[in-house]
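Q: For reference, the chains in residue letters:
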Amino acid sequence: MKNVVKFGHSEAAAIAIVFVGVKAFLGYPRVVIELGSTAAWLVVLISGMVGIGAWLVISALLARFPGKSIMVITELVLGPFLGIGVNIIFFLYVMITNGILLRQFSEAIILTTLPEAPISSLTFLFIIPVWLAAYLGIEAISRSAYISLPFITAGVTAVLLALYPYWNPLMLLPLLGEGIFPTVKYGFLSSTVFGEIFILAVLAPFFAFTQKKLKNVGLFSLGFVMVFFILIVNVYLMVFPLPVATENLLPFYQLARTIYLGRYFQRVEAVFVLFWTFTAFLRLSLGIIVAAFILQDAFKLPYYRPLLPALCVLAFSLALTPADVMQNAFIEYKIRLIYGWLFSLALPCGIWAVALLRRKGEGHEGENT
Amino acid sequence: MPKESKQKKAQQGPSGVWGRVWAVAKDTLTFKAEKQREGFILLGVDDRPLSEKKKDGANQENTGGKSGQDEDKKNGNREGTRSTKKPIRVQRVSPSNSRKPQEDKKDFSTETLLVDPQLKINKKNLEEIYSLPKNKDIVIREFTIALKPPIKAFVVFMEGLADKNVINNTVLKPLMILSNMEEKVTILELAEYIKDHILPGNQVEVLAEYKQIVERVNFGMTAVFIDGSPKCLVVETKGWDKRPIGKTETEQVIRGPLEAFNETLRSNTALIRKLVRNEKLITEMFKVGERNKSDVAIMYLEDVASPVLVEEVKRRITSIKTDIVAESGSLEQFIEDHPFMPSPQILNTERPDRVASFLVEGKVAILVDGSPQVLVVPVTIFSLLHSAEDYYLRMPYGNFLRFLRVAAIFITIMTPSIYLAIETFHQEMIPTDLILVMAAARETVPFPTIMEVFMMEFAFELIREAGVRVPGVIGNTLGIVGALILGQAAVQAGIVSPILIIVVAVTGLASFAIPNYSMSFAFRGVRFIFTILAGIFGFFGVSAGLFILLTTIAGMKSFGVPLLAPIGPRTKAGPDLVIRGSVWSMEQRPDETDTLDRQRQPKISRGWVKPKKRGERK
Amino acid sequence: MKGKTRKISFILLFSFLFLFAQGCWGSRETDELAYILAIGIDKGKENIIQVTFQIALPRALGGGGGGGGGGEGGKSTEIVSIEASSLFGALQLANAFVSRDLTFIHNKVVVVSEEIAREGLDKYINPLVRSREIRRNNFLLVTKGKARDFLEKNQSILEKNPSRQFELLLQAKNFTGFMPFATIQQYHSSLKTPGRQPITALVGVNEGKEGKEKEKSFVEKIEREVAYIPGEIPRQGGNKAEVIGLAVFNGGKLVGYLNGAETRFYQMVTGDFQSAIFTFPDPQKAGDSFVLVVELKKGRSPAIKATFPQGRPVIEVNLILEGEIFSIQSGINYKRGQKEADLQKFLEDYISQEVRKVIAKTQKEFKSDIFGFGERTRTYFWTWKDWENFDWLERYPQAEIKVNTRVEIRRTGLMLKTEPVESYTGGGQNE
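Chains as they are written, first to last, in the working numbering: chain A, 1 to 369; chain B, 1 to 618; chain C, 1 to 431.
Extracted from the complex, chain A is given alone in its bound form (with noise of 0.2 Å):
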């Protein structure tokens, strides 16, 4: 298992950012102004605080194994057989969001663009191309990570500027929303949409930095990720007040539907539907690898790469197991955004603890085994 690849820090940011902050073209907008009302700013940032806080001592975790990805320290700190029965939970974890997003992915497609076309069939064809670029390498797409990042954040600023003269700040008042113990609570059980920030230990050994720049990498690529989700909840609450603000599939496709800025600058938003298409291509090849390395970590096995056509077709019938969107919609914001970040934060915490109290790691080796 000997890694050839080695990516450096700004790729390693680019994939954590495009990894994370790719719910906001969805429905993390509408989910999170309803559960926080017009504080949903605030239940974004605490969220951001708890990921912030998790990623810390994940990344404490990882510096007392330098080197280590997260399922070989999994195995060293608890042993061989709860080290397997906890990597399986994060390859059933990771399978599971690969999936729902692939189904909300196409979802948007059929909604947005392509009317007519049967849902399978979407699926299939936005799964080829996942698994073309899985297969091209995790180095390959960082690269285009790293590369279309910028372009991304242009575009998607030039939605939110856009619509300035639709923007309405009185519409972010009264401050606290809900009020105060309902909003820490949502921003607590929501931090699974920072939870993604794990795909950074899983490829930890690939990083050709030091630890404690992989902490730099991920503190920046969570602000970074955070600032964003910011400042699109409260643009997209400004132009669509409270009320009609839940009401919305997809917030972001309407932010840009509603761009009119005088007689030919109006309806363009099939270009950000470009955007927007890129980066689900990017995570799903991503989220697909990273499948592929914790099965390829938790069993030792010497490649990974005849894993990933299983994993896609895996991912393709995981996707289409939801009878239709609402389904869709309830599993993802009712069920895994309270609960999933039980499996991507606080289980490497626990690791964290684990590790600590069994004194494993580098440096660290007591008198325990």
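Don't take each hint at face value.
Derived BS3-like pairs (lysine-lysine); straight-line CA-CA distance at most 27 Å [to be verified]:
{"#": "1", "chain 1": "A", "residue 1": "185", "chain 2": "C", "residue 2": "385"}
{"#": "2", "chain 1": "A", "residue 1": "334", "chain 2": "C", "residue 2": "192"}
{"#": "3", "chain 1": "C", "residue 1": "298", "chain 2": "C", "residue 2": "357"}
{"#": "4", "chain 1": "C", "residue 1": "144", "chain 2": "C", "residue 2": "297"}
{"#": "5", "chain 1": "B", "residue 1": "557", "chain 2": "A", "residue 2": "6"}
{"#": "6", "chain 1": "A", "residue 1": "300", "chain 2": "A", "residue 2": "6"}
{"#": "7", "chain 1": "C", "residue 1": "253", "chain 2": "C", "residue 2": "364"}
{"#": "8", "chain 1": "C", "residue 1": "357", "chain 2": "C", "residue 2": "305"}
{"#": "9", "chain 1": "C", "residue 1": "385", "chain 2": "A", "residue 2": "334"}
{"#": "10", "chain 1": "C", "residue 1": "221", "chain 2": "C", "residue 2": "144"}
{"#": "11", "chain 1": "C", "residue 1": "367", "chain 2": "C", "residue 2": "192"}
{"#": "12", "chain 1": "B", "residue 1": "557", "chain 2": "B", "residue 2": "603"}
Hints are computed from structural coordinates only; laboratory data are not their basis. Nothing here was measured: the structure is a model prediction, and the numbers come from that model.
Use these hints to put chains B and C onto chain A, whose structure you have.
A: Frame of chain A, contents of chains B and C only:
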């Protein structure tokens, strides 16, 4: 019973009138070979499976056998699953040949033959090697060297490749006329003595193996065989007709030198040496190709280029086994990393000034004899998109050209597909006035949009390809004018809609703006794929295509350097990527080629500029 | 090895072909679509609603390829009406006699008749907002009379393309102030939020009949200058359709109209007002039938504050306007000294009074807060529930609203002062 009679009847044929008609028809309609005519007769077809043929091949003679095995391999019979039908023997049906055994070089291998002290035997060997009375290109001139005692000798050279004046003046004249000296030298040292004292050629070698001698004579050198000496002298006398140094044909600039490489290796290396007058510039030569043994040279600056890179280039070139490498393009395909990917990974140029600037940056240049294009490795995709003029013009103009080129690339790849996607899937993006015009225009057109686009694109490519073949001045104008007229006529006939003509014309023009020829092919090919994707899946297809293209290019490497280098993996990029910084700000060599010496110019490269003190205004 | 790659590529290609077998997934040629430019909704006789579509005729509007001109005297659009139970039901039914596939993607306006609006517009908004083809920045118009009449009689003299006509017309708010910028987006948002009530623009058809107006005094005439609702503007010639004024809604139901003049003052309060030209009676010579024409522009956005002395909401509105004098019929030099201050005070009082009248009208007559004052009260509450419970819309009719205006006259056109007129008065020469 009935079968037998049927067979017999079939053999006999119908009888009576019909029988005669049948006989006449058979005579005229079947082909009969006349044995008196000269020509080939297929004596048999070898249908045996491969294993038997291989056994046969191993029993054959050296040279003939080798070529047979190679041929087998080349036909791709690796596992022996397929048997090929090959003519095994071919025979000239003329009486003069019928008694001679076919192969004439069979037991005469030049591999191990050495020069014989006896002149007669050497001459006989050479006649055998070159098939001499038949082969009129080789000249053997016998003469006597005017030493005391006079020694017989002869020279061998290839007419046309060897410079006759040099032979007369440098070889024949001194040996025949001017060497009238008396020296007591032993026979063994005769060759050395002649080389040191009598033969004034500027490159003389003393050789004993026929293999090397024949190689050199094949390339224009002259071999001097001396009676009694077991060694032979080979003198450099190359001189053949070649194209003079001309103007660049494909990479023209308004500002900058216009010299271009020509087909001779030595002229090309001279052109590069003229620009990089550095003692550390090294030229290493290799011979590539079994049958034609062409020279391939690599040039690099020893104290700048990374040794790992040079090793890799040498390794790849020396490991090529093929029969002829005619041009640098063929060599490029042998040594590149990804032969099937759309983008080229090796830069080829015909301008010496570009090669010189690349050498100074630490890259390696590969020159192939017989080709006016020089390869430069390793290369990033940004170097493929720069043209020489960007550097010679002032910075604002250079950057303007670069922006234009970047826009041209986007237009080339994306315009037809975006047009197609918008017209068939996203009609809401077009302003209402325009969509009504387009709908009105399309009413007369019988084809669906995707077919329209393909037809016009194909026609444009056809015109472009045709314009290459038409000679002279007409060729260039044919492209543009032909396309416009064709487009206009098509619009008038109502086959295509007028907006499409504009789209196709703009796309074509933009593809002309790409400086590297292979690169423009890459983009033109990719454009078709994008069009198909857009026609079927709309913007989603365009996006998927972009993603695959970007990821594919991001995964490509050129001799170990990733193709998208300063952006792909983020390395320290100089100010020379998409836009170009000013000439005095390019302080470091590009990071990705891992050169030995990073600093190119000091921080203040314009010595005449006085540094400004803080707070001072003028 | 070669056999395997062959098989795999064959399978892939084959499966790819299957994807194409279902047709191209929603790709439609531009000439397969019929573009609807305007939708009208009326009450139906044989079914629930009567839907009117204005379909563009590309040949007339687009011209032939290669230079042919558009149809000169022919129609540029076709207007069809269908009775159905819902908007999309009508769309489907229309395909029975329209050859191409009808689509809403280039729709520009949705016109609703008065009757439907009085019954309640909120149930018809739902398909407009949910559909993928109808966009939220289409203009929403309420028409006096029937929508079908409006669409039929709307023959623009300058534009062939009604889509362009509507866009330009409804963008004219920038220099007249007669029409609010009312799209489905704003209607829907104002409908649902507890701080504001929705409005739409008002349109109608002017048959050109002479109105029976009673004799009015001079000042009344000036006040009446732009205070019309559509259908009443005294004019002759031009397009029969008129766009002026706005319709006030309470929830989803139409409750009344604001005429052109009132719309201007409405826009001043909401901050959408850009500029308009006002005619005032000359303050110095009130009885002498001289008018003063001033163009007022928005100086800065109005500063609206909501305060709660003793628990009652009090709203303070401060308008800041700039003016440019267009016509002084009396010739008095208003830019000198005391006269200038007098003029400014006169204008400020006039405008404050008019604005107060409009606000009072919405409070007393319509009981609907279309200005959005409720949004300003958000600053006083900490949570959404508290603000919702405050229930501004119920308190609006009793709220106290103060209006102050500041007007600064900046320019007087090209003339600096007016010299008096010389004429023969018959008074005899001075000997």
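Q: Against the structure, test the hints numbered earlier, and report the numbers of the ones violated in rising order.
A: Numbers 4 and 12 - these are the hints that the structure violates, sorted from lowest upward.
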